[in-house]
Amino acid sequence: MRNLAMVLLAAAVPLLSPGTESKWKVTKGATQLGNITVLASSSASRAEWKTAEKSPTEIFIGTGGKSWMRTTGGDIEVSTLKADLAQRIVVPALLAPYGGESTAKVESDAKGASKITIKSGGDTYTLTRTSLAQSNADASNFTVRPKKGAAGRIASLGDLLGPSDTSVAATAGGRGVGTKGLHLSDGGDYDAVEKVENRDAGWQKNLDKVLTEFQKTGKVGRNRGGE
Amino acid sequence: MRVTNIAAAVLLVVTGTAQAQLGGLLNKLDPNKIAKTAKVAREAAREFTEAEEADIGRVVAARILNTYPLAKDEKVQKYVTLVGDTVAAYSTRPTLEWHFAVLNSDVVNAISAPGGFVFITTGALKEMHSEAELAGVLGHEIAHVTQKHILKEVKRSNVMAAGMVAAQSTSAGSQWLNNDYASKIGQVAIDKLFKTGLSRSDEAEADRIGVLLSDSAGYRAAEFINFLSTLQKLERTSAMKQLMATHPSPESREAALKPVIPSEPRGEVLADRWSEWTVNLSSGSS
Chain A
4 MRNLAMVLLA AAVPLLSPGT ESKWKVTKGA TQLGNITVLA SSSASRAEWK TAEKSPTEIF
64 IGTGGKSWMR TTGGDIEVST LKADLAQRIV VPALLAPYGG ESTAKVESDA KGASKITIKS
124 GGDTYTLTRT SLAQSNADAS NFTVRPKKGA AGRIASLGDL LGPSDTSVAA TAGGRGVGTK
184 GLHLSDGGDY DAVEKVENRD AGWQKNLDKV LTEFQKTGKV GRNRGGE
Chain B
56 MRVTNIAAAV LLVVTGTAQA QLGGLLNKLD PNKIAKTAKV AREAAREFTE AEEADIGRVV
116 AARILNTYPL AKDEKVQKYV TLVGDTVAAY STRPTLEWHF AVLNSDVVNA ISAPGGFVFI
176 TTGALKEMHS EAELAGVLGH EIAHVTQKHI LKEVKRSNVM AAGMVAAQST SAGSQWLNND
236 YASKIGQVAI DKLFKTGLSR SDEAEADRIG VLLSDSAGYR AAEFINFLST LQKLERTSAM
296 KQLMATHPSP ESREAALKPV IPSEPRGEVL ADRWSEWTVN LSSGSS
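Here the protein sequences line up with chains A and B, keeping their order. Converting from the first sequence to our numbering requires adding 3 to each position, the first position being numbered 1. Converting from the second sequence to our numbering requires adding 55 to each position, the first position being numbered 1.
To be clear, the hints were calculated from the coordinates, so they are not data collected in a lab. Mixed in with the good hints there might be a few duds.
Claimed, not checked - From chain A, some residues computed to sit far from chain B (all C-beta separations above 10 Å):
| hint | residue |
| --- | --- |
| 1 | 28 |
| 2 | 59 |
| 3 | 105 |
Claimed, not checked - FRET-style restraints, in silico, Cβ to Cβ:
| hint | chain 1 | residue 1 | chain 2 | residue 2 | range |
| --- | --- | --- | --- | --- | --- |
| 4 | B | 292 | A | 118 | 50 to 60 Å |
| 5 | B | 102 | A | 110 | 57 to 67 Å |
| 6 | B | 320 | A | 120 | 17 to 27 Å |
| 7 | A | 62 | B | 86 | 46 to 56 Å |
| 8 | A | 22 | B | 290 | 52 to 62 Å |
| 9 | A | 83 | B | 235 | 39 to 49 Å |
| 10 | B | 335 | A | 100 | 54 to 64 Å |
The beta-carbon is built from N, C-alpha and C at its ideal position, and this holds for glycine as well.
Based on the provided sequences and hints, a complete structural model is requested.
In structure tokens:
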């Protein structure tokens, strides 16, 4: 009983001290996947993932026992990403305990967690802390704004074409990002842009099914089998 | 002694004048203007937000679609969307709202706009022989989007800073894009896409990532080399003029890519499926 209490207590202890900014190198076997900067507060953590110096930053926030990924149109739960995506495997371990429980093996030094090892699907992911500093990150860095409607389906193939509610997705405004229905008189054909967006929204109804079939028969993409 | 006194007097006068001038200058400086200038500088240096990227993408896409109309062949539009979605799922931005569209033009080209718009001409499609070639070309354009190459050019052109000044001087309100500002952004993008091209390193990066994406998606990456070989044969034709002005030569691209292509042939070519979906292209009803 006492041991169980100790385990529960250990699980609730923040991986990283509040008010810190740490940098981590991510490797899968011998291959470096990228670098993650982690901001820690007293109730949440934020991870900023870059695969290369010039590549775009992917932002993840751990709060309330869930890990979230920032996407166009709002934040989605990391657990809804494809299971084999490195982000889904690695990020929750760094955002624990605010982003949920983690079964990763954590090694610590005098400053806190220094190395995290995660085994998944026969692969070993290693996170190695490369720096640790104090940080005064503003609370807004840890705010989660869930994506409306499609939070549970992001990163499934169908959702790559937008939310399932086509009346919402019909225009750029429905994309939840950018200026709603942007139409300017600058020499561009905005009607044609809207036509493309509406067309994709219309196709979206059957696209999951069509895309799955398309990929299965062609043995390409996420549904090729054997992935 | 007398000389020293004169020198000291001259120094006092000079110093006094300099102080007076400096004081005058300082009096003329408006703290509000300094703050505004600093804000403009900050704006010019910062990264675009996703919302701004989406707006810029619409502006650029609208300019592209004003140059080339959409192809009417819905079958080929769907096909390009299916292949594009298949490849984009392996990019670093799988959750972007990708839009793939075919433009009706004999010009051989493929272009992209920020925010996830990818276009390919019927002229380019007619020169392909397999779905894997299409996957390689779309992968190249997807890479331009994920690596934000056009956004980088917009930023470099200082349009952002100019736009901030315009917005402040006109108190344009919450909408950050006005016609003039959008027109400038559109022009920067159109110049790069149709006239001068992106940097050689950006094109090389897009080639490299494009091949990796098509390979990851299960296509035979070497098919992209086949497409470059076709382009090489067409180099002197009028349909290739735009592509040749905006991209490195097909030979140099081919040479740079060879080390990246998997040495063992792997992945799907899907030439038959290509023929089935693009049957209307060859009949000229696009």
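Q | Assessment of proposed distance window 50 to 60 Å (beta carbons of residue 292(B), residue 118(A)) | A | holds (58 Å)
Q: Given the range 57 to 67 Å, decide if the beta-carbon distance of residue 102(B) to residue 110(A) lies inside it.
A: violated (34 Å)
Q: Using the beta carbons of residue 83(A) and residue 235(B), state whether their distance is inside 39 to 49 Å or not.
A: At roughly 42 Å between Cβ atoms, residue 235(B) and residue 83(A) fall inside 39 to 49 Å, so the hint holds.
Q: With respect to the beta-carbon atoms only, verify the hint that residue 335(B) and residue 100(A) lie 54 to 64 Å apart.
A: For residue 100(A) against residue 335(B), whose Cβ atoms are near 57 Å apart, the range 54 to 64 Å holds.
Q. Would you say the C-beta atoms of residue 320(B) and residue 120(A) sit inside 17 to 27 Å of each other?
A. Because 36 Å falls outside the window, the suggested range is violated.
Q) When you look at the beta carbon of residue 28(A), is every beta carbon of chain B farther off than 10 Å? A) holds (18 Å)
Q | Reported absence of residue 59(A) from the contact zone with chain B (all CB gaps over 10 Å) | A | violated (6 Å)
Q: Just tell me: holds or violated, for the beta carbon distance of residue 62(A) and residue 86(B) against 46 to 56 Å?
A: Given a distance of about 35 Å, which is not inside 46 to 56 Å, the answer is violated.
Q.
If I claimed the Cβ atoms of residue 22(A) and residue 290(B) lie 52 to 62 Å apart, would that claim hold in this structure?
A. holds (60 Å)
Q: Evaluate the condition: distance from the CB of residue 105(A) to the nearest CB of chain B exceeds 10 Å.
A: holds (23 Å)
Taken one by one, the earlier hints fail for this structure at numbers 2, 5, 6, 7, listed in ascending order.
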